[in-house]
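Colleague: Using the sequences provided together with the hints, build the complete structure.
Protein chains: 2
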Amino acid sequence: MQIIAVNEYLANKKRLVDEALRDFFSQKNSLFDVMYYSVDSGKRIRPILAIAGYEVCGGEDTGVIMPVACGLELIHTYSLIHDDLPAMDNDDFRRGKASAHKKFDEATAILSGDGLFAYAFELFCKGDSHASERLEVIRSVSQAVGPKGVVYGQMLDISDMKRQPNMLRNIHLNKTAKFIAVAIKVGAIMACAKKTVVDKLYRAGLCLGMLFQYTDDILDVVGKKSDLGKTPGKDQASGKLTAPAVYGLCGARFRAQRYADRTKSRFRELGSEFEFFCEMTDFVLNRSF
Amino acid sequence: MQIIAVNEYLANKKRLVDEALRDFFSQKNSLFDVMYYSVDSGKRIRPILAIAGYEVCGGEDTGVIMPVACGLELIHTYSLIHDDLPAMDNDDFRRGKASAHKKFDEATAILSGDGLFAYAFELFCKGDSHASERLEVIRSVSQAVGPKGVVYGQMLDISDMKRQPNMLRNIHLNKTAKFIAVAIKVGAIMACAKKTVVDKLYRAGLCLGMLFQYTDDILDVVGKKSDLGKTPGKDQASGKLTAPAVYGLCGARFRAQRYADRTKSRFRELGSEFEFFCEMTDFVLNRSF
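Going down the list, the protein sequences come from chains E and S. Residue numbers for the first sequence, in our numbering: 1 to 289. Residue numbers for the second sequence, in our numbering: 1 to 289.
Don't read these hints as lab results, they were simulated from the structure. Heads up, a few of these hints could be off.
Because identical chains cannot be distinguished in the list, a pair is counted as satisfied if it fits within a single copy or across any two copies.
No more than 25 angstroms apart at the CA atoms, straight line, and that leaves these computed lysine to aspartate or glutamate pairs for DMTMM-like [claimed, not checked]:
| # | residue 1 | residue 2 |
| --- | --- | --- |
| 1 | LYS194 | ASP128 |
| 2 | LYS195 | ASP128 |
| 3 | LYS28 | GLU136 |
| 4 | LYS28 | ASP199 |
| 5 | LYS97 | GLU19 |
| 6 | LYS103 | ASP160 |
| 7 | LYS240 | ASP33 |
| 8 | LYS103 | ASP23 |
| 9 | LYS224 | ASP128 |
Modeller: Here it is in structure tokens:
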């Protein structure tokens, strides 16, 4: 993959993902319109990581990776919709507009999330090639986003937990890092990369995911609503276990930098063609949205 | 498959499914315990249909079909948990005990459903054999239970709809029939049945699924709470579009009988080895729970 500025890469791929998502939601039933309301915005970090993983590992056919990449975005969107529900984080604002349950109602929001989750797996199966790779994708993703991953992390996140560093790590690892890591992993799987490369990429991705959640926690303290597209200060106000809550803002920033260094070192171990992910790491470290 | 009395077959297979489910939920994290609370009961209709479809089509290895069959039960359980939420049907009683949101809380119930959904797909991938069949299973199930199937049906079900026969059919077909039909279909797929057989079984299964929802609607009127394990009269009270609401109780019973006849005729077209499904059809027609 030709190394271009990470901002340009992100913008190009975001445009392609946006287009593909529009296609995947066109000319279906009324529920698809409701689901698309929540899908139609977002940074597209996970699909872009999947595409980058695919391209870095030698994948050349965007048509092969795109449905898989978009499936990840649908799962991310479903988790945001359910997360924002009154019974969960009760957030009325997401991705720069009213959350699904405010735009529609709670029942519609719940079903809209459920629909996105199911449709993601339909997209993972889209295409005639790569049967065993697709199965490996589904196995990896269902583990990463289910009750051994994202859903477990969210469960811990809403629990009444002691403010222990170990618990913070456990929440970050499950709620965020596994999903970020699996996004890169599925790109590599669909490019038929060697298992050793796939595994090393996943481990580097876990580190990138921890960094991602650290910057998310920090932005909850210092970010602007207009940049974030969601309400800052919510985690603080609700007494959530966040990096700044455990380590203070300076401590959290110090540790975020350390995660960034560790992430880049892991990607560099894989070889110079993985340099893009180091730039991506710096982008995540310095992001304001 | 040796033809034995349908009641005996159901009891035997239910025991096997119950055992397998216990195994799939043992020694995991605390979220698995929460999810198992809702899983630990139920008629196991969908997994049994999958096993029957597998055996009727010549499948002999229970270890191959069991994780797939159990995955279907997890998806059914997740849909019940979300259906019972206060924002949806607001039902406090399910499978003979407190619904998940009453036993725990709403947030836990939402996450518990989400976790079951994801874990189902992990189970579909469990095993080293049948990669392309498993992918076909996942493709079929995600279509049947997602926004072109169950979730769409639930969306219609909670909408403010005119009491038209067409709309009733649309709700029954999406909310129930596609899932029942796909249960039999995945059994046939995992037994490597011919595509023509798989397709015919699916069409017969749709008819069985329509019958299943008709008897469900009728039992909402005439059933007992102790038999049903859920609150009867809820659909009536909430003004839902049901078969008795559209056709009256007698009309609904008449049409249920007609669906049963049609279902049996479709299964019989497939050959005498599919006779078990005719007995199953009579069982569904005459069920009291």
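Colleague: Now look at each hint and say whether the structure bears it out.
Modeller: Verification of the hints:
For a Cα distance limit of 25 angstroms, the shortest separation of LYS194 from ASP128 qualifies both inside one copy, at 22 angstroms, and across copies, at 18 angstroms. Both within a single protomer and between protomers do LYS195 and ASP128 lie at most 25 angstroms apart by alpha-carbon distance, with minima of 22 angstroms and 16 angstroms respectively. In this assembly of identical chains, the alpha carbons of LYS28 and GLU136 lie at most 25 angstroms apart only when taken from different copies (22 angstroms versus 28 angstroms within one copy). In this homomeric assembly, LYS28 and ASP199 come within 25 angstroms of each other (Cα to Cα) only across copies, at 23 angstroms, whereas the closest approach inside a single copy is 37 angstroms.
Taking the closest pair of Cα atoms, LYS97 and GLU19 come within 25 angstroms of each other only inside a single copy of the chain (20 angstroms); across copies the shortest separation is 47 angstroms, beyond that limit. In this assembly of identical chains, LYS103 and ASP160 lie within 25 angstroms of each other by CA distance solely across copies; the values are 17 angstroms between and 30 angstroms within a copy. In the homo-oligomer, the alpha carbons of LYS240 and ASP33 lie at most 25 angstroms apart only across protomers (24 angstroms), although the nearest pairing inside one protomer, at 33 angstroms, exceeds that limit. In the homo-oligomer, the alpha carbons of LYS103 and ASP23 lie at most 25 angstroms apart inside one protomer (23 angstroms), although the nearest pairing across protomers, at 42 angstroms, exceeds that limit.
For the homomeric pair LYS224 and ASP128, neither the shortest alpha-carbon distance inside one copy (44 angstroms) nor that between copies (49 angstroms) is at most 25 angstroms.
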